[in-house]
Amino acid sequence: MRTALADRTPDVRTTWPPLPRRTRPRRTALTIRTPISRRATTILTVLSLAVPFSAWVVLSASGAVPATFLPPPGAVVSAGWETARSGELAVDVWTTTRRVLQGFGLAVLVSVPLGILMGAFQAGQAAFEPLIGLLRYLPASAFIPLLIIWLGLGEPSKIAILFIGTVFFNTLMTADVVRGVPRPLIDVSYTLGARRGEVLRKVVVPHSLPGIIDAVRVNAAAAWNFVVVAELVNSTAGLGYRIVRAQRFLQTDKIFAVLVVIGVIGVTIDVALRLVRARVGRWAA
Amino acid sequence: MTLALTDVSKEYGQKLALDGVNLTVSPREFLCVVGASGSGKSTLLSLVAGLMMPTTGEITVDGHPITGPGPDRGLVFQNGSLYPWRTVERNVAFGLELLALDTAERDRRVDWYLAETGLAGVRRSLPRRLSGGQQQRVAIARALVCEPDVLLLDEPFGALDVQTKEDMQLLIRQIWLDTGTTVLMVTHDVEEAVFLGTRVVVLASDPGRVAAEVRVPLAEDRDLAVKRTPAFLALRASVEDMVRCGVTR
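Chains as they are written, first to last, in the working numbering: chain R, 1 to 285; chain G, 286 to 534.
Chain G extracted, bound-state conformation (with noise of 0.2 Å):
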């Protein structure tokens, strides 16, 4: 699976949000989008799910155009898309609902990816009886269980606070390991994405386009640690000085 975004440009009347944005993800890469405030990054992400259409360019996969939302492209927002009626396992079933799978079969997926996001044992709970932390893991399993070609993750940890945010990176970093899934991350912290990227992107504001890219020259296998590393502390930095160079430019 490859996602190509080329020359894409998003106007919201007359303010202009993305301007030509050229941009490729290759299969099992994670991609980390960083920017301040008003780069678009939200807007990019709504764009590749086919929730807006691009005003300019195109956006496809495997070049194919993107028409609309699909499985095929999982998303997961910051907070509050749970279906609060709806018990752990039947908002992980949702997407599985939709296609004709027995029931053995559908209990199966959900039953691997509830145990891979450590939620067996609250499987038969409203999404108001769970922590922030918890809530974003059903959104995640909710996803994946569709098996999309690439998972799209819109700031999915802004809301939580930092211990729990940890957890949840490393979490994160685990399910892309056993999964083999792609990733591409929008978020405005800079140590975030160091830390779970293959590659950062930097956008830059008003209006939104690609200021720099950077390899992220990590082992795969990382941990908490890393962050501690002259190494990563030296990446972090010059990426952050761009994000701060990207808006006042």
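So here's chain R without its partners, still in its complex pose (with noise of 0.2 Å):
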């Protein structure tokens, strides 16, 4: 430690020349983070929607691109009522969301706990980090074979798939969460009385609760996607079936209004999700 006065630096910096300055930019609405004023909000917003539309609008009407490629609006709307009108469209949804609920519901029920098990005992993290953290990177789809193979054609592989799909990033993501909880809180808690469980029933789980609800939110759009794929492979119903059973008879309008169906269905999904986090994580906003 420096203390006494004699030993203070030398002062040369009397020779230095001054600091080059820098002319300061001006703000502008590409500033990071600055607002901008509401109305610029909804014009980039409605401009985001109108601008693909229209393009598809025009370039559908103009010929410049073959109906069987890209069928105008209109054509796609009439396709869309024509299958919601036979029931056909009512039973793929269905099928399609029966799937989808008891593939990521199994692996939502096994990723939650396993998740917190691991973000809360290091012993969870160093017995399963290494597998699960291996798993992960092997894509579902790829699996498809072999599930074939063990489980046969039916829902169980179609099932399968699903889970396989989602089950290792949840996990992982969860167990982030539960490691995000605060060390003192936890501390705190054992010195109020709370022995192992009730730190876990009463502290950890509230607190990642909404973090865990996030990582199922991004999950669930996993979820959609790899249920499609699933069922691109010998179905006899589902969305995804649709599709291929459309595609064999060149009906490409029938095609983009299953698409239009299944983003209409991920978004309701994704705002509901959104809904309950907001709801549940009231606390943390």
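These aren't lab readings, by the way, just hints derived from the structure by calculation.
Treat the hints with care, since some could be wrong.
Some, not all, of what chain R presents toward chain G, calculated at C-beta under 8 Å [claimed, not checked]:
hint	residue
1	182
2	185
3	190
4	198
5	203
6	284
Restraint ranges, calculated between C-beta atoms of paired labels, are given here [claimed, not checked]:
hint	chain 1	residue 1	chain 2	residue 2	range
7	G	286	R	138	55 to 63 Å
8	R	36	G	340	56 to 64 Å
9	G	432	R	205	25 to 33 Å
10	G	526	R	176	46 to 54 Å
11	G	298	R	35	45 to 53 Å
12	R	39	G	473	46 to 54 Å
13	R	87	G	409	45 to 53 Å
14	G	292	R	281	20 to 28 Å
Note that the structure is predicted; figures quoted are calculated from it, not measured.
Yeah, the Cβ is synthetic: ideal placement off N, Cα and C, and Gly gets one too.
Once you've looked at the hints, go ahead and assemble the two chains, each given alone in its own frame, into the complex.
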């Protein structure tokens, strides 16, 4: 430690040239994190949807792209209406949704407790992290042939793909969330008399719940992807199956209609989980 | 209740954080431990709380060795230890919810400590809606409602602005007088230690060890004006010198 004035650093700074000054950039709409007006937000939002949609309308109406490749919006709507009226669409939507509920539901039931185990106990981390860390890099779609050999062509192999595709990510994401529970919160709970199980139930889980819902929301989107992949192989119903079938008959308009349905359901799930998250995580906002 | 540390040492790997600390806290005492950073103040408190075990030596409460954390030694951290999803009253009720108590009995106790700490008006608020001082009051009430033998305070006012800090000092003194609890408080603020303590222990750094003990000969009934009296200023200056000597040796 320097204490005496005698050891002061000699002031050679007088010999230095002044530091060059930079001109200060103006604040614009593209300054990082700068707020933009409500009107600008609305315009950008509308444009982001209107531009691709108009491009679609113009391209298909002009005849630049044949209708077999790019059906006009009107054809897509009527194809959608057609499948809806015949009752086909309802069956497909329900079949696909049921598969997601079963496969992804099972994955959530396994991954959330496992993730809590890994996040809360170092032993859990040491025991599961290496295997799960490896397995998550194996693409679920690569398991399809193997699962067909193991489980046959029916429902079990489709549910298994969904499960494999989501369980590992959801486990690791849950474990991360649980590891984020502040240490003082756990320590103080012990000093208030809580036992291990009570700390898990009354502190670790409530603190992690919003983050776990976030993980589920991200992986629900993945599940929705995997179910369509699973249905491309040997199905007799489902939205993925409907797409393959429409392709066989070159019904591009129907493919588009099913894609729209898939998108709408996806957004609905996302919004629903966002609402749940907002409710559960009110304390964190 | 008598808390006794006998030859307590704590090593982290190769580093010796505490070296042969002997300390006794008597019933009804308000003992302040001061020391520069690196003097092992917080380590000392974690050991007493039972969150860590000493490498050598023994810590006893009324002759019984400490084996782990428990509600008989309530702990308050500097900040960030409230349950953010629980309202003020449910934070305070946490320890009682773990016991076989009927709701009326629990509420009665929670109510008393909310009133004592001046939190009755914000009882249904979430912690993030509270000021820093209010948050620390919740943490103190939450520890006290479990009726600890000793209240452990780890730099409880270290993150507060000066005015709030003085308000909190008055509050904790009042609580100490009202409840008759024993307090062991760790701080780097010598003025705070002398104002609050009945006794001040100075730790020296690297490794942490007891450098000095000073009895505070001020009246039990103190207000902020005492901080300007010559007796207080002299005592404060001499303790500050001890802390500084403890650093440079």
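* With 56 to 64 Å as the target window, see if residue 36 of chain R and residue 340 of chain G comply at their CB atoms. => Holds: the Cβ-Cβ distance is about 58 Å, inside 56 to 64 Å.
* May I ask you to test the interface hint for residue 284 of chain R with respect to chain G, counting a Cβ-Cβ separation under 8 Å as satisfied? => holds (7 Å)
* Using the Cβ atoms, figure out if residue 87 of chain R sits within 45 to 53 Å of residue 409 of chain G. => holds (52 Å)
* How does the Cβ-Cβ distance of residue 298 of chain G and residue 35 of chain R compare with 45 to 53 Å: does it lie in that range? -> Given a distance of about 49 Å, which is inside 45 to 53 Å, the answer is holds.
* Can you let me know if the beta-carbon spacing of residue 432 of chain G and residue 205 of chain R is within 25 to 33 Å? => holds (28 Å)
* Asked: Given residue 190 of chain R was flagged as interface, is its beta-carbon under 8 Å from a beta-carbon of chain G?
  -> Where the cut-off is 8 Å and the nearest Cβ of chain G is about 4 Å from residue 190 of chain R, the hint holds.
* To do: Return the status of the interface hint for residue 198 of chain R: holds when the least beta-carbon distance to chain G is below 8 Å, violated otherwise.
  => holds (6 Å)
* Closest C-beta approach of residue 185 of chain R to chain G relative to 8 Å, hint status -> Result: holds, 6 Å to nearest chain G Cβ.
* Asked: How does the Cβ-Cβ distance of residue 526 of chain G and residue 176 of chain R compare with 46 to 54 Å: does it lie in that range?
  -> holds (49 Å)
* Confirm or reject the claim that residue 286 of chain G and residue 138 of chain R have a C-beta distance inside 55 to 63 Å. => holds (59 Å)
* Asked: How about residue 182 of chain R: closest beta carbon in chain G under 8 Å, or not?
  -> Since chain G brings a Cβ to about 6 Å from residue 182 of chain R, closer than 8 Å, the hint holds.
* Close enough to count: is the Cβ of residue 203 of chain R nearer than 8 Å to one in chain G? -> holds (7 Å)
Checked against the numbered hints given earlier, the structure breaks only hint 14 and satisfies all the rest.
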